[in-house]
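Asker: Got two chains here, separate frames each, mind docking them using the hints?
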Amino acid sequence: MNLDTLAPKIAKRDKQAFQLLYEQLHRLVFTVCLGVVKNRGVAEELMQDTFVSVWTKSVQFRGRGYKTWILTIARNKALNALRQTGREYAVDFNENESALGSYDMDADTGVVLKLALSKLNEQDRQIVLMRNGGLQAKEIAKTLGLPRGTVSWRYAEALKILRTELGGAL
Amino acid sequence: MKRKDIEKRLREDVENVTPTNFSAVWAKCEAEEQAFSKQFEVERERVLAGANGANRSGGKNLAGAFIALAVALFMAISIIIGAVAGWFNVKNPFEKGSLIIDINPSVEVTYDEKGKTTQVTGLNEDGRVLISGLSLVGESYEKTVDEIFSRCVTLGYFSTSRENNALLVSAVKENGVTDEKMTKGVCEIFSKKFVEKKMRGVALTGVFDETLKTEADEHGINTQKYALIQEYVELAKELGVENEIPTEEYKTISVREIYEKIEELEEKWMDEEVEKLEQNSISKAVEKITEIIENMEEDLDGKIELEDIKTRIENATTATECRMLVDELMRKLLDMKGPNAPVGPLRDVVENAYAEMERILRDIEKLNEKDGQSEEEKFEYREENFKENGKEPPEMTEDEVEGWQKENKDKYYNDWFALKKEWDKDRWYD
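Residue numbers (our numbering), protein chains in the order written: chain X, 1 to 170; chain C, 171 to 600.
Chain C with its partners taken away, still in its complex shape (with noise of 0.2 Å):
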């Protein structure tokens, strides 16, 4: 039997055996769908059970009515002189203001110039449900961002299973001012909570964008998520992929899921931009040693046919091609060393050529290793390089090829010598 025959009757026999049936597949996923709701449900009706709980309990014990009385009068005295003291002393530290948590659920807080919560508000429904029983008003911002995480947490929107948490905070714009001291140190408490949960996540934050307001309240949303969705969406443009949020979504999708979409299309740009890059060097490469390829011919006058190799390396197209094309050069020149060639620009020449080969490996390895690192790093890379749209590198000077060549002489002419040595090596034996 051949070996075609055994391939053909396994194949056979796999499919004769392989189930096909997707309804029980189906009916599966249905029930584990619905039991992961039921769950959720339970989790919702604690969450709102326990807040009505806490409102039906308070103030029926007369002991601790005065207690409590007692204790509002210490407060309210230490207030007073809190805000005397503040008056002459303090200034305020933020400004009076509003701004809004996205994960979706949103939910928006006002507060007033001490950073203490004057308002909550449910934007949406999941919003109404993640406040419901929460009193925040009167609590400082760092308590209300804390309570908001935790119920947060509670609702499974943050979990440390999830590849990504992501939020969006937003300054809305109040009697003119928007205050970006009060959105970023939101931003810092949710980011020390994701790290104190171990959880994976981030604060993303914007600048208030006026142009961009009655865009957004066409759809029912913020101005910084609308910037954000249109961040994903000229990015979706500019590297002609399909754009995946349709305006329709633009209401429901969550912040973790634009932020996630947003980071894919960074990688893929950004693994465009390396690979251009690395074109962009052979190209140039290339481009350089073909000429150092002409310039040889002259000087040579025709005593060794260049013609071949020069069309190689001009239709290499990665840098281990070019690089075996530069070696396989060499062994042409140094079979050439005899007593009528040009021994001394011939090897001037040669290492020209060599060296830059180097430096572009170099090159490459080194995209290679960004592209390996974190996000932050990434990003810093691409702030450094990229900034002005894939802009390759300053191209060395000759003074730092020679500097590089210097740098380089032991390795560089032990290569030389070990190609030497085998290159009449395989003469001897010829």
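The following block holds chain X by itself, in its conformation from the complex (with noise of 0.2 Å):
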């Protein structure tokens, strides 16, 4: 389906369009989201706030990329969230462990996604986690800004750092 499609029903206040661009989007937005923060309650608090931001500010897209523009949205508060609470944590950061920059999955999260989220770099976590939310190599080039041959490349050298993660951790 195109998103670019519902744009402008959403900037003319569609409820149905924007429940549609949700039920296709939200688990891309919440995986962008989560790759920066690493904390799960954070990154459904920035999903939602960026479907509102969505809601809000269709109005002002135009042209294609809506898809891209969103997830542009996700990540770019995902990041100001990581620095304003990095600034807070700062002074005391090694009596919160359980903060932001630090991850705290829930016991029923599984063994792969902790992994991804501990042991990948910002960078690679970032890919990982989108590829495996649904988007293609020159989506996640285009959202971070990457080439697309860098992209496959590090999600290739992060597979291969889950894999001998993997053989110890199974």
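Derived from the structure by calculation, the hints contain no laboratory data.
Hints are supplied without guarantee of correctness; some may be wrong.
Within a straight-line C-alpha distance of at most 25 Å, the following computed DMTMM-like cross-link-like pairs (lysine to aspartate or glutamate) qualify [unchecked claim]:
hint: 1; chain 1: X; residue 1: Lys15; chain 2: C; residue 2: Glu203
hint: 2; chain 1: C; residue 1: Lys354; chain 2: C; residue 2: Glu283
hint: 3; chain 1: X; residue 1: Lys138; chain 2: C; residue 2: Asp175
Sample of chain X residues with no beta-carbon within 12 Å of chain C, all distances over it, derived [unchecked claim]:
hint: 4; residue: Leu3
hint: 5; residue: Thr72
hint: 6; residue: Arg83
hint: 7; residue: Leu115
hint: 8; residue: Gln123
hint: 9; residue: Lys138
Since the structure is predicted, the reported quantities are computational estimates derived from the model, not experimental observations.
Don't be surprised by glycine CBs; every beta carbon is placed ideally from N, CA and C.
Answerer: In structure tokens, the structure reads:
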């Protein structure tokens, strides 16, 4: 489904179109946020804020690339949150192990995701999560501002790291 | 664990942790919406209250009344003197008439021959709110426009944060004439105000079209707004895209929305035209190269097999592909360079093919450059090149091709010898 067709409807306050957009993109938006902040609760909050922004600002969106536009909003929100909270916790960060910057996934979260969040660097983590959240390599490249080749290469490298780590974990 | 398994488990993990609660998001959206509406209402109330307050406070001070009377007398005398002077010396700058300013709100401004406002009417509810409390009668048209613009900013109809702000200024036919001079003047003021306030805005205008009046009246809008909508409808039809302005929205849709929709379709139209032109240029080039190959085949009398490359060139869809195939063709020809090969005519033939391809690539590059230009430049370009329904630019004459070859001689021969050197090197290793 071409999401660009939903943009004018959402700009005209069509709730049904908005819900459709949410169903199509909520997982992806969540994984984009999670890839940055590594915290499930914060990522959920950021995902909701992203969709609120989409609802209020779609009137400003024109042309193609609605999905990339939304994912850029999500990523910017996540980066801002990380920056702000990072500053707040900077003084006594060691006493706040569960704060942003460290992962605090619940017990029901799978091993592979936990490893991806803890063992991969920021860029690789985002690439792996976006890829498995349903985004294609070229779309990831556009969202992160990286060459497409780099995305594919980093993805393969990240999976190698996960495979090595899983050797011990499983 | 295999790569596929890792990806599968990762997807499952992501699926498991992703929240799916739409109602939480929707509640936040509604809260945000309410906050915005409240802010708008407060602003609206403030404007209305300000207007009423101004009415209430006027004319209670006796001294003030005397001063006002003196000023009025002075002004009256000045006006009489001015009118007498004007009677003899100055031609009235405008035709008496009225114009409609559509944003949407819609407001009708009636003016006299001197460009002074004689009446301002709100044509819809938003229009009535927009002008409420403004006393514009007797003011110059510049002042009237200025006040309307300021009110639009206050009520949020024009905003710096918006990608586009747009309004439509329409001349209303009065006693058989429309005052296009006034319409133009008003548009210029709006344009200047947009620049002054650092807003991306456009003031549109159109020529009054009598034939559209009945249809426009049926929809309760003025002819120019109707014409603007029709421009969009026609464009959508031409491009085969869904018409996104149903008739029931004609009255409520804002000029900005129509303008943005037209702009979007024009961009699409431009893209399609450029693509068509590119395809057209390529197919022309392919046709020409094929013809050259056929002639060469005759000249070479079967000494070189060109059928394969001819087929590939015929199937080429992009300029880059064409260029690569021409290079390949040139290598084949270099390979033929020997004591028995018809070097002179052969080289001429290849030079022509090469020159032709360079010209095509240059044209395509130009098209791409134009595509990245501003709206005004694009418009000029479109006017210049697509006036006759995307007709391609004129073909180069033989003299022009020859001229091009002379100009590019050094570059061409550099390329030629570089190719030759490379090819010889490969042959040496073979």
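Asker: If a hint holds in the structure, say so; if it does not, say that too.
Answerer: Cross-check of the supplied hints:
The suggested pairing of lysine 15 of chain X with glutamate 203 of chain C holds, with an alpha-carbon distance near 13 Å, which does not exceed 25 Å. The suggested pairing of lysine 354 of chain C with glutamate 283 of chain C holds, with an alpha-carbon distance near 15 Å, which does not exceed 25 Å. For the suggested pair lysine 138 of chain X and aspartate 175 of chain C, the alpha carbons sit about 23 Å apart, so the restraint of at most 25 Å is met. In this structure leucine 3 of chain X is separated from chain C by more than 12 Å, as the shortest Cβ-Cβ distance comes to about 16 Å.
Every Cβ of chain C is farther than 12 Å from the Cβ of threonine 72 of chain X; the closest lies at roughly 16 Å, confirming the non-interface assignment. With a minimum CB-CB distance of about 22 Å to chain C, arginine 83 of chain X clears the 12 Å threshold, and the non-interface call stands. The Cβ of leucine 115 of chain X sits about 9 Å from the closest Cβ of chain C, inside the 12 Å cut-off, so the non-interface label is violated. Even its closest Cβ contact with chain C, about 17 Å, leaves glutamine 123 of chain X beyond 12 Å, as expected for a residue assigned away from the interface.
The non-interface label for lysine 138 of chain X is consistent with chain C: the shortest C-beta to C-beta separation is roughly 18 Å, beyond 12 Å.
In summary, the structure is inconsistent with hint 7 from the numbered list given earlier, while agreeing with all the others.
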